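Given next are the chains, with one letter for each unit.
2 protein chains.
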Amino acid sequence: MDYVKQRRTIRKYQKRDIEPNLLNTLLDTSARASTMGNLQLYSVIVTRDPDMKAKLAPAHFNQPMVTQAPVLLTFCADFRRTSIWCEHRKAEPGYDNFLSFLNASIDTLLYAQTFCTLAEEQGLGICYLGTTIYRPDLLIDILHLPRLVMPVATVSVGWPDEHPEQPDRLPREAFVHEETYHDYTAEDIDRLYALKESLPENRHFVEINHKETLAQIFTDIRYTRADNEAMSATCLATLKRQGFLE
Amino acid sequence: MDYVKQRRTIRKYQKRDIEPNLLNTLLDTSARASTMGNLQLYSVIVTRDPDMKAKLAPAHFNQPMVTQAPVLLTFCADFRRTSIWCEHRKAEPGYDNFLSFLNASIDTLLYAQTFCTLAEEQGLGICYLGTTIYRPDLLIDILHLPRLVMPVATVSVGWPDEHPEQPDRLPREAFVHEETYHDYTAEDIDRLYALKESLPENRHFVEINHKETLAQIFTDIRYTRADNEAMSATCLATLKRQGFLE
Chain Z
28 MDYVKQRRTI
38 RKYQKRDIEP
48 NLLNTLLDTS
58 ARASTMGNLQ
68 LYSVIVTRDP
78 DMKAKLAPAH
88 FNQPMVTQAP
98 VLLTFCADFR
108 RTSIWCEHRK
118 AEPGYDNFLS
128 FLNASIDTLL
138 YAQTFCTLAE
148 EQGLGICYLG
158 TTIYRPDLLI
168 DILHLPRLVM
178 PVATVSVGWP
188 DEHPEQPDRL
198 PREAFVHEET
208 YHDYTAEDID
218 RLYALKESLP
228 ENRHFVEINH
238 KETLAQIFTD
248 IRYTRADNEA
258 MSATCLATLK
268 RQGFLE
Chain P
28 MDYVKQRRTI
38 RKYQKRDIEP
48 NLLNTLLDTS
58 ARASTMGNLQ
68 LYSVIVTRDP
78 DMKAKLAPAH
88 FNQPMVTQAP
98 VLLTFCADFR
108 RTSIWCEHRK
118 AEPGYDNFLS
128 FLNASIDTLL
138 YAQTFCTLAE
148 EQGLGICYLG
158 TTIYRPDLLI
168 DILHLPRLVM
178 PVATVSVGWP
188 DEHPEQPDRL
198 PREAFVHEET
208 YHDYTAEDID
218 RLYALKESLP
228 ENRHFVEINH
238 KETLAQIFTD
248 IRYTRADNEA
258 MSATCLATLK
268 RQGFLE
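Top to bottom, those sequences are chains Z and P. If you count by my numbering, then the first sequence holds residues 28 to 273, one letter each, in order. If you count by my numbering, then the second sequence holds residues 28 to 273, one letter each, in order.
Next comes chain Z alone, as it looks inside the complex (with noise of 0.2 Å):
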């Protein structure tokens, strides 16, 4: 639990390669986490060419881990190869709606964070991109994502060249709910982020903004409605090509 206790996501890597036969054991220790039916509804691509990362790293906002890390994870909802199984062993298979969407998106993060927590076990450091489902088309696209295949998280791994601060968290009442769930007074919120927006660090982030509240670096600067809005329509229009959505 203590590596765990510990964690911080790490963005600068080390040029050291990550040795094939330990990603390897990852990946496959990794497929140990719960999956639905046994089905593993999910593939991952491995990028170590240069040149892919090049071609990724716009489809990331070019985030500099897409280019530095020496590898980069794609974890992709796949109900594709499940499908092919289906087709060649005369079962016909009917896992082009949301709902099978959503329970092979599941499967893919729980892989997904099974291999972090056992890559950071190993000494390696990590980075989620929130980017991939931003321009999930460009990512398509990029790395031959055929039908009933969706990109759902992008993970970049290296060994860390960096330890920084470890970020604040919200208290355990901020998120844990006993028996139903117990929603939020003014006077709740201003105690559950008053160690956030006290923070050195999130004080200066408003003031060099020219924000009044650091919720308004989110709402203004961050995760706007305008992206929000535009993004979700890239994202539903994505899982229709894919053949997720009707």
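Think of the hints as simulated: they come from the structure by calculation, not from any bench. In this text the structure is predicted, and so the values were computed from the model without any measurement. Where a beta carbon is used, it is the ideal one built from N, C-alpha and C, also for glycine. Please note: incorrect hints may appear among the correct ones.
[Said to hold, decoys possible] Here are some chain Z residues pointing at chain P (derived, C-beta under 10 Å):
no., residue
1, Lys32
2, Ile45
3, Ala58
4, Tyr69
5, Asp105
6, Lys117
7, Gln140
8, Gln149
9, Val182
10, Phe202
11, Glu205
12, Ala260
13, Lys267
Assemble chain P onto chain Z, guided by the hints.
Showing chain P alone in chain Z's frame:
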């Protein structure tokens, strides 16, 4: 890494309770998982009350783990707490859309899977209930989940009272692709599914269900097109009800 290699899903639990301190430590430590913008877009509802378990059971198709496990955890994608925070801080949240549901779901599943890995490391046994997204509407009513909160995974947790055989997994080449997705030929499928199809328990399962192939067990009995399409409609309608879809 060894306890992940040796893990198996546990569906039978001792009557022994889970000490609140242990559960809280696991819930706290799991919050170290990666999270978008450090927003922790999740909530977890802890069910210990037998009456609540009895209410939840039908929503989970009366799987016995729901009433027999000492603790049931319902992990929810949650943009409500963040949105309320914004509203109290002169910030206008724009998270009532599909992308925000996916972002929160990813956060939620990374948290849930970190919890499961840590719980197993402590000797606890867990089982994911895939039924959570089959009838999310029922769970929302029972757990009083408000707008912008959507259940995505339920896990039963307890001290193991069984030691089942470890199930098979596909070989790595079935789900790992180098640089680009490599599609599957009939020969690939034969090779990759040979072990699974040869297992005595799977052959037995095919026989007692009077089917011709193992794949037909999935398409005709366990995960049928009709069920998937009906539950897709429920799921999409529930996302609309919770404010994540127009």
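Outcome of the hint check:
Restraint check, Lys32 (chain Z) versus chain P: the minimum CB separation of about 5 Å is within 10 Å; hint holds. The beta carbon of Ile45 (chain Z) is not positioned within 10 Å of any beta carbon in chain P (closest approach about 14 Å), and the interface hint is therefore violated. Nearest Cβ of chain P to the Cβ of Ala58 (chain Z): about 5 Å, under the 10 Å cut. The hint holds. Taking 10 Å as the C-beta contact cut-off toward chain P, the hint placing Tyr69 (chain Z) at the interface holds, the least distance being around 6 Å.
For Asp105 (chain Z), the interface hint holds, the least distance from its beta-carbon to any beta-carbon of chain P being 7 Å, beneath 10 Å. Among the interface hints, the one on Lys117 (chain Z) holds; its C-beta lies about 6 Å from the nearest C-beta in chain P, closer than the 10 Å criterion. This hint holds: Gln140 (chain Z) has a C-beta 4 Å from the nearest C-beta of chain P, less than the 10 Å allowed. Hint status for Gln149 (chain Z) relative to chain P: holds, with the closest Cβ pair at about 7 Å, below 10 Å.
A hinted interface residue such as Val182 (chain Z) counts as satisfied when its beta carbon comes closer than 10 Å to some beta carbon of chain P; here the least separation is about 9 Å, so the hint holds. Taking 10 Å as the C-beta cut-off, the interface hint given for Phe202 (chain Z) holds, the closest approach to chain P being about 5 Å. For Glu205 (chain Z), the suggested interface contact is upheld, since its CB lies about 6 Å from the closest CB of chain P, less than 10 Å. Proximity of Ala260 (chain Z) to chain P holds as hinted, the smallest CB-CB distance being about 8 Å (cut-off 10 Å).
Against a cut-off of 10 Å between C-beta atoms, the interface hint on Lys267 (chain Z) is violated, since the closest Cβ of chain P lies about 12 Å away.
In the structure shown, a violation is registered for the earlier hints numbered 2 and 13, in ascending order.
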